[in-house]
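Asks: Here is what each chain is made of, one letter per residue.
There are 2 protein chains.
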Amino acid sequence: MKIIVTGGDGFCGWPTSLHLSNAGHDILIVDNLSRRSIAKTLSYESLTEIHSISKRIAKWHELTGLKIAFKNIDVASDYESLLDVVTSFKPDCIVHLAAQRSAPYSMMSAQSGNYTLSNNVLAASNVLRAIERHNRDIKLVHLGSIGVYGYEDRAFEIPEGKTAFTGIDHNNECYTLHGQIPFNPTSIYHLSKSQITSLLNFYSQNYGLDITDLYQGIVWGTQTAETKLSAALSNRFDYDEIYGTVLNRFVVQAQSGIPISVYGKGEQTRAFIHIQDTVRCIETAVNARVARSGDVDVMHQISETRTVKSVADHVAKLMNADIKHIVNPREENEEHRYILASQKFSQLGMNDLNTLGDNLLDEIQNVVNKHLYRIDRACIEPKVKWGKSAKQVSEPVKSEVELSLVG
Amino acid sequence: MKIIVTGGDGFCGWPTSLHLSNAGHDILIVDNLSRRSIAKTLSYESLTEIHSISKRIAKWHELTGLKIAFKNIDVASDYESLLDVVTSFKPDCIVHLAAQRSAPYSMMSAQSGNYTLSNNVLAASNVLRAIERHNRDIKLVHLGSIGVYGYEDRAFEIPEGKTAFTGIDHNNECYTLHGQIPFNPTSIYHLSKSQITSLLNFYSQNYGLDITDLYQGIVWGTQTAETKLSAALSNRFDYDEIYGTVLNRFVVQAQSGIPISVYGKGEQTRAFIHIQDTVRCIETAVNARVARSGDVDVMHQISETRTVKSVADHVAKLMNADIKHIVNPREENEEHRYILASQKFSQLGMNDLNTLGDNLLDEIQNVVNKHLYRIDRACIEPKVKWGKSAKQVSEPVKSEVELSLVG
Numbered sequence: 001m002k003i004i005v006t007g008g009d010g011f012c013g014w015p016t017s018l019h020l021s022n023a024g025h026d027i028l029i030v031d032n033l034s035r036r037s038i039a040k041t042l043s044y045e046s047l048t049e050i051h052s053i054s055k056r057i058a059k060w061h062e063l064t065g066l067k068i069a070f071k072n073i074d075v076a077s078d079y080e081s082l083l084d085v086v087t088s089f090k091p092d093c094i095v096h097l098a099a100q101r102s103a104p105y106s107m108m109s110a111q112s113g114n115y116t117l118s119n120n121v122l123a124a125s126n127v128l129r130a131i132e133r134h135n136r137d138i139k140l141v142h143l144g145s146i147g148v149y150g151y152e153d154r155a156f157e158i159p160e161g162k163t164a165f166t167g168i169d170h171n172n173e174c175y176t177l178h179g180q181i182p183f184n185p186t187s188i189y190h191l192s193k194s195q196i197t198s199l200l201n202f203y204s205q206n207y208g209l210d211i212t213d214l215y216q217g218i219v220w221g222t223q224t225a226e227t228k229l230s231a232a233l234s235n236r237f238d239y240d241e242i243y244g245t246v247l248n249r250f251v252v253q254a255q256s257g258i259p260i261s262v263y264g265k266g267e268q269t270r271a272f273i274h275i276q277d278t279v280r281c282i283e284t285a286v287n288a289r290v291a292r293s294g295d296v297d298v299m300h301q302i303s304e305t306r307t308v309k310s311v312a313d314h315v316a317k318l319m320n321a322d323i324k325h326i327v328n329p330r331e332e333n334e335e336h337r338y339i340l341a342s343q344k345f346s347q348l349g350m351n352d353l354n355t356l357g358d359n360l361l362d363e364i365q366n367v368v369n370k371h372l373y374r375i376d377r378a379c380i381e382p383k384v385k386w387g388k389s390a391k392q393v394s395e396p397v398k399s400e401v402e403l404s405l406v407g
Numbered sequence: 408m409k410i411i412v413t414g415g416d417g418f419c420g421w422p423t424s425l426h427l428s429n430a431g432h433d434i435l436i437v438d439n440l441s442r443r444s445i446a447k448t449l450s451y452e453s454l455t456e457i458h459s460i461s462k463r464i465a466k467w468h469e470l471t472g473l474k475i476a477f478k479n480i481d482v483a484s485d486y487e488s489l490l491d492v493v494t495s496f497k498p499d500c501i502v503h504l505a506a507q508r509s510a511p512y513s514m515m516s517a518q519s520g521n522y523t524l525s526n527n528v529l530a531a532s533n534v535l536r537a538i539e540r541h542n543r544d545i546k547l548v549h550l551g552s553i554g555v556y557g558y559e560d561r562a563f564e565i566p567e568g569k570t571a572f573t574g575i576d577h578n579n580e581c582y583t584l585h586g587q588i589p590f591n592p593t594s595i596y597h598l599s600k601s602q603i604t605s606l607l608n609f610y611s612q613n614y615g616l617d618i619t620d621l622y623q624g625i626v627w628g629t630q631t632a633e634t635k636l637s638a639a640l641s642n643r644f645d646y647d648e649i650y651g652t653v654l655n656r657f658v659v660q661a662q663s664g665i666p667i668s669v670y671g672k673g674e675q676t677r678a679f680i681h682i683q684d685t686v687r688c689i690e691t692a693v694n695a696r697v698a699r700s701g702d703v704d705v706m707h708q709i710s711e712t713r714t715v716k717s718v719a720d721h722v723a724k725l726m727n728a729d730i731k732h733i734v735n736p737r738e739e740n741e742e743h744r745y746i747l748a749s750q751k752f753s754q755l756g757m758n759d760l761n762t763l764g765d766n767l768l769d770e771i772q773n774v775v776n777k778h779l780y781r782i783d784r785a786c787i788e789p790k791v792k793w794g795k796s797a798k799q800v801s802e803p804v805k806s807e808v809e810l811s812l813v814g
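Protein chains in written order, with my numbering: chain A, 1 to 407; chain B, 408 to 814.
Don't take every hint at face value.
[To be verified] Calculated pairs, DMTMM-like style, for lysine to aspartate or glutamate (alpha carbon to alpha carbon, straight line, at most 20 Å):
| hint | chain 1 | residue 1 | chain 2 | residue 2 |
| --- | --- | --- | --- | --- |
| 1 | B | K569 | A | D153 |
| 2 | A | K388 | B | D544 |
| 3 | B | K795 | A | D137 |
| 4 | B | K716 | B | D765 |
| 5 | B | K731 | B | E770 |
| 6 | A | K385 | B | E539 |
| 7 | A | K162 | B | E539 |
| 8 | B | K569 | A | E331 |
Simulated from the structure, these hints should not be mistaken for laboratory data.
Just need the whole structure built from these sequences, with the hints factored in.
Replies: Structure, rendered in structure tokens:
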């Protein structure tokens, strides 16, 4: 298959590109390298060294003989170039991963929030429009977020996609309708992902596009079978307050002799998946042939749910570290039921996803150990706060964090 | 009350500003005059002559002694200036009307679609953020669109806001949740409005903002009690294929001796409201004191629903004109049940809204008669087409409509 991977230089995109290339697909990466510019602006660098995209691609070719093409295009702002690439490369499938993916980043300032909203929504809009205009048979696989549902206490299993609901109207007429459960995103990033779902529905329903939306959990792990082949192919390892995810941070803290910092009670439940399974699931979704129903095919891309506390306990025990509860910088529900359906990937044969108990922590420890000298302890403490009690301003905020935004 | 009206130079915004000023409120219009620039770019001008915003405001002051302030700010792209204005003017309420409001405009090209999406979503985002950052007690009244629901055949009454639904999960557990019926917008414009609803929910739920969202029907009529006072205060009258609404177009056609053109069967049902009632409803919403529930207060701002055909019949009979069914440029459901709850405005005492039978057509006929010499027949025929059967391209579309976008 000919596949365009947008965001193919990023944390999920790079290993996905290699994995799909290795599986025999013809890959074109489309990326504006925004993750690299944001890292520079924030001065929060990946623990692992990230080689330039040209070096990465050259090394992949040297090691495997496989070619990956690359186009530097800002998918959100440059529709013409995107359409040029789609019409000339003629992909069978577009894996759309191009997005600003950090919730804390989206809550830093007006600029970072609006950048996240417009960048993510317009990138998806342009990709959908390019498919609609050029060839409606191109399959679209979008990487969404399981965080769109929010974290209310829910006693039922959240379905994958639409389900039937019964209501009673003002005239006591009973009716049935099909829809997803209401989203309740708790950051502008997650809001942008929920807005993309309405774009996907729009193009699916009005133009019959073939769309799979993967609602992914928090990704842990760093390397995949392919990125391990050479240091030049290494994937990102983010552990800072903005882009770092919870497990990375815990392991860095444990390895550096700092107590593991749990935000609030730690009874927040989250869904997780290992990066190796991310690339396998995306491959499975790319290959899956689902009868087009006019509905987006929503799949929960997760291996398990766990409380943050249980993740901390797991790391603390394995690495003999202390745990410290700190004031939660996010105003969020710290105790709630959270049950997610995950039948669809099972039905496609993905029954062997890795869980935290599977010794894969060794790999993270190795990564951290190898790069101990690069650890910047100052970047771990949470400085971005959000929610009702976050400070308001009575005067114009010239001092609000200003970012020279990419894109 | 001190009230900021964003989009206060537009078709709904200008008469709203005058009406609220006349009612004794202190009005600040914030507008980037984008509707005027788009009219120039499209070469589709209002049938009535529109005076400059400064002349409008000066004439209002001359006639009534009342002052209206004006700031030229692009609310979607200039958050700093918006926040400056909010912190210095210290409004009690913001009536947020600033948006690109034409569905056909949003479907013209990639540029016009993305402009509509980003302009409308970011304008709402900035207004919400300014309230959240400066003073969470500022009431927000947003003018939404009843079109967000789409036009599926629905046998039940669509509720105003959230309602209770019952579902059964994968483990046969029965559960109840509260939400709105799923939106099914059929244009990028309506999609942008549905995306604004998720922004409103986000700020309402996470920061407790006091938000009323008015889901408005198609507006007819031109003048209100205040805009009638002088030609310099005249409101817009759009009848072109992009911004013109169905009733205006019908009257212009009938008056010019052209057959009234009905898109398709004409059994499409739509909701309507007269511009005089728009400004009264907005005033009522501004004054209403609803206990904050954490939910956005959704109100259907409509006076009646009718099929397009029945509107055409009404005009044809009154004006002795012919009707011609033309190929529908929009792929849409041309026959469907469409029942909208509208209890909330009734409960607030608005039981005397005008319907099409109320002789108000005279006013439109007068407007059209007075400006017969300005009618541009070429602008009526629909040229923007959308839906599954709209032409696709096999090569990059350099010829796609290019617009020098405002803002």
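Asks: Tell me, in ascending order, the numbers of any earlier hints that this structure violates.
Replies: 5, 7 and 8
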